[in-house]
Amino acid sequence: MLSNTDGYVTEDGRTIGGVVMEMKNITLRFGGVTAIKDITFDIREGEIRAIIGPNGAGKSSMLNVVSGFYVPQEGEVFFRGEKRPALKPFEVARQGIARTFQNIALFEGMSVLDNVMTGRLTQMKAGFISQSIWRGKAEKEEVENREICERVIDFLEIQSIRKTPVSRLPYGLKKRVELARALASEPKLLLLDEPMAGMNVEEKEDMSRFILDVNDEFGTTIALIEHDMGVVMDLSDRVVVMDYGKKIGDGTPSEVRNNQAVIDAYLGVSHD
Amino acid sequence: MPDQLIYAIEVFFNGLMAGVLYALVALGFVLIYKASGIFNYAQGVMALFAAMTLVGVMEGQVPFAHLINAVLGTKVHHFGWHLPALVGIVSTVLVMVVLAWLVQRVIFKHLVGQEPIILFMATIGLAYFMEGLGDMMWGSEIKKLDVGLPQGINLWIDEATYNIFDYGFFIDNLDIVATIIAITLVGSLVIFAQYTKEGRAMRAVADDHQAALSVGVSLNFIWIMVWSVAGFVALVAGIMWGTKSGVQFSLSLIALKALPVLMLGGFTSIPGAIVGGLIIGVGEKLFEFLVGPLIGGATENWFAYVLALLLLVFRPQGLFGEKIIERV
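For the record, the sequence lines run as chains A and B. Residue 90 in this note's numbering sits at position 90 of the first sequence; the count goes up by one each step and never skips. Count along the second sequence from 1, add 272, and you get the number used in this note's numbering.
Please note that the accuracy of each hint is not assured.
Computed cross-link-like contacts, DSS-like style, restricted to lysine-lysine with a CA-CA straight-line distance of at most 27 Å [what the hints assert, rightly or not]:
hint	chain 1	residue 1	chain 2	residue 2
1	B	K306	A	K163
2	A	K88	A	K246
3	A	K125	B	K306
4	A	K88	B	K381
5	B	K306	A	K174
Just so you know, these hints were derived from the structure itself, not from any lab. Note that this is a predicted model, so its numbers are computed, not measured.
The following block holds chain A by itself, in its conformation from the complex:
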């Protein structure tokens, strides 16, 4: 068992830091349905952490708890060593947790650049009069924010569609714009809800490359949900496996792959 401050070295030789986010005994119910039962796991600095499991296992619910969209009935959430009270989603976002959605939530009426710029909203400090007249602090701030956004846009190779309204883009590019918006806020923790859902093989490969590059280049801590087992095993450093709201496995991809409970959940068990 690792302590909270110790790091570890991944299978591919990267060094991972201490715990950024810790979920302790989380239980989430919707009326009579228990979506998450007593789950404990942590996310460490600089790692790519995957949550996998069959349909309806409670993966998205888990991510929604992390991002504050759901408030669990039981359990504690620790973020960067401090216990987090029940916050609103926008407050969680302001703490430096950015996310993408399973069914893409972009500002369809805005251009790609404007969408990415909204990712900087929480970082803007200048007063609105200063912003209106475009003088002083506001000007400097806008230029800085713009630079960060352009870097992200460059990084994700979406320069050519910077000015295009998002509603005109194909699905795969929208997913990438959503990732760009999340990245623009320079998050301490980036949550990706099925970043590759509905993509073809080529787009999946692109997205995988971007996720790895983001982690590598910016050192961003990433937690993601994914269905495609092959992708998950290639991408992630550690994997949480969920089934029927319970945690049935937690470890490196190779550990998880050989875990009997996980094999049973995915392939089914014979009852003879």
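Assemble the complex: chain A is given as a structure, and chain B must be docked to it using the hints.
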């Protein structure tokens, strides 16, 4: 130049000025509709309420005087002061902000995610509540509002046109001031929406709630802000109308005139509200002038609605509304 044409030009300009006032009311509708999808039927009453509050504060009226006197048996009516217009306006803005907060806190916070028709019904309730509240607070008599805006014929235009056409145009100074204020207001709103962080957040909320939350925008804050801005716009409209024709309850009916303006301009477009207002203003004045005498007059009552209906046939989304395209 024939007299008829000269008169028509004068009517045209007067129509433009009237249109500015329609546009001001329509603007309040657009703001709230854009940011929250609520069609705020109470916008007209908000203008009335703002104007009443302004007069009340400036004249030192005791709010709820009738109620207080009835319950306590006292005879208070006035504080006995007369405040300058600026103090009155600032206080009224504060009242409108508090009102915005209350509206969000008491009504719309509990109706998030409801059908548009339910939100609309809620605003009808709000409209009648505010009308009653305004009556109770400030009384129902017609009040004179004077914040020091210039009124009466503009002599310079009168003289200038007299020299050219041999006929002096009658353009009210108040209308000119209203136009200048409206232009300034729209300009600042556009700058606010495009260049400030709050404006960007407002556009974000208008577009997608979930996404807005995920980038750290508080929906509640934005909605209160938008209702406050709409309250401010209502105050400006209330001042203009109130100065022109006295603060009276029929003021709340201008909300109905804003409807055809919105249909013309589109419910989501700020420039649309302005152009729509101008078209209606000019249209009804010119129509009354040119066609009115032939069919017995009083066309101003219905012209705007017929014009809006005609437009609906050809462009359901309005002149500037967002195109309705379904992807299949």
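Would the hint linking K306/B and K163/A be met if the CA-CA limit is 27 Å? holds, 22 Å
Below or equal to 27 Å on CA atoms is what counts here, so check K306/B against K174/A. Holds, at about 23 Å.
Does the alpha-carbon distance linking K88/A and K246/A stay inside the 27 Å limit? Satisfied, since the Cα-Cα distance of roughly 25 Å is no more than 27 Å.
For a C-alpha distance cap of 27 Å, please report whether K125/A and K306/B respect it. holds, 25 Å
Sort out whether K381/B lies within 27 Å of K88/A, counting only the CA atoms. Holds. K88/A to K381/B sits at ~14 Å (cutoff 27 Å).
The structure meets every hint from the earlier list without exception.
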